[in-house]
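Following the working numbering, the numbering of the sequence shown begins with 3 at its first residue and continues without gaps.
Please keep in mind that the hints were generated in silico from the structure rather than gathered at the bench.
Since the model is a prediction, treat every value here as computed from it, not as a measurement.
Accuracy of the hints is not assured; some may be wrong.
Heads up, simulated DMTMM-like pairs for lysine to aspartate or glutamate below, C-alpha to C-alpha not over 25 Å straight-line [claimed, not checked]: (1) Lys-181 <-> Glu-87; (2) Lys-181 <-> Asp-149; (3) Lys-144 <-> Asp-187; (4) Lys-32 <-> Glu-80; (5) Lys-49 <-> Glu-88; (6) Lys-32 <-> Glu-88; (7) Lys-49 <-> Glu-23; (8) Lys-181 <-> Glu-157; (9) Lys-32 <-> Asp-51; (10) Lys-49 <-> Asp-31; (11) Lys-49 <-> Glu-87; (12) Lys-144 <-> Asp-51; (13) Lys-181 <-> Glu-88; (14) Lys-181 <-> Asp-99; (15) Lys-32 <-> Glu-48; (16) Lys-181 <-> Glu-140; (17) Lys-181 <-> Glu-138; (18) Lys-144 <-> Glu-157; (19) Lys-181 <-> Glu-151; (20) Lys-144 <-> Asp-84; (21) Lys-144 <-> Asp-86.
With beta-carbon atoms standing in for the labels, derived distance ranges [unchecked claim]: (22) Ala-22 <-> Gln-139: 36 to 44 Å; (23) Asn-177 <-> Ser-33: 40 to 48 Å; (24) Glu-157 <-> Ser-46: 44 to 52 Å; (25) Gln-139 <-> Arg-26: 27 to 35 Å; (26) Arg-43 <-> Glu-23: 36 to 44 Å.
From the three backbone atoms N, C-alpha and C, an ideal C-beta is built for every residue, glycine too.
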Amino acid sequence: MTRAGTLLRAARASSGLTQAEVVRRSGVDKSTVSLIESGRRNPSLEKVDHLLRSTGRRVGIYPTTRSGSVEAGGIIGEWVADGDEEAALRAFLRFSDNLSATTGVDRVVLAAAEPPPTGSATWDAALAAVTEYWLEQENLPKPAWVDDESRTLREATPLILNRWTSARSIRDVPNAFGKHRVLVDESTLQSA
Numbered sequence: 003m004t005r006a007g008t009l010l011r012a013a014r015a016s017s018g019l020t021q022a023e024v025v026r027r028s029g030v031d032k033s034t035v036s037l038i039e040s041g042r043r044n045p046s047l048e049k050v051d052h053l054l055r056s057t058g059r060r061v062g063i064y065p066t067t068r069s070g071s072v073e074a075g076g077i078i079g080e081w082v083a084d085g086d087e088e089a090a091l092r093a094f095l096r097f098s099d100n101l102s103a104t105t106g107v108d109r110v111v112l113a114a115a116e117p118p119p120t121g122s123a124t125w126d127a128a129l130a131a132v133t134e135y136w137l138e139q140e141n142l143p144k145p146a147w148v149d150d151e152s153r154t155l156r157e158a159t160p161l162i163l164n165r166w167t168s169a170r171s172i173r174d175v176p177n178a179f180g181k182h183r184v185l186v187d188e189s190t191l192q193s194a
């Protein structure tokens with residue numbers, strides 16, 4: 003999927019709109035919207051802005067070399083669909099590293115847009131938790147999507163279980179992760 007497609011899907015989902023509603027509001031034909039969202043058409047910036055405005059969003063240009071929450075959610079969702087939890091974890095850690103490597107407004111910008119659903123309640127909660135974790139490090143404002151109830155698990159769940167981790171090996175869960183009921187050891191979030 004293209005970045006434009008990921009961005010449009012995320013904006014549409016966070017606004018609670020169907021594709022048909024975006025078509026009606028924007029005046030762009032259904033096949034074009036569908037092709038953009040599926041990544042089979044790469045639209046101009048003007049077209050993306052026009053479509054985003056139909057969801058109540060706008061394009062904002064902010065120079066950065068790091069990918070943010072929308073890209074992280076999209077990539078994790080692709081790995082979840084492929085059944086590759088290890089690759090999903092790597093994408094999650096890359097997003098955590100991107101937040102860690104930035105400060106102030108740069109960190110807020112990377113976290114501002116709601117990521118698309120990943121297809122996994124655990125990964126959706128983990129994205130909210132890691133965003134909250136890094137924003138709290140500098141007492142920065144957090145976006146509303148972080149506190150959405152759908153991004154908190156019903157019961158405490160390890161982020162990923164593999165041959166190196168078990169629920170019992172998780173000792174130091176950061177507060178933001180505990181709040182979202184995602185069990186991950188804080189050392190996991192520290193880059194090597």
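Any of the earlier hints contradicted here, and which numbers?
-> The structure conflicts with hints 5, 6, 11, 20, 21, 25, 26, although it agrees with all the remaining ones.
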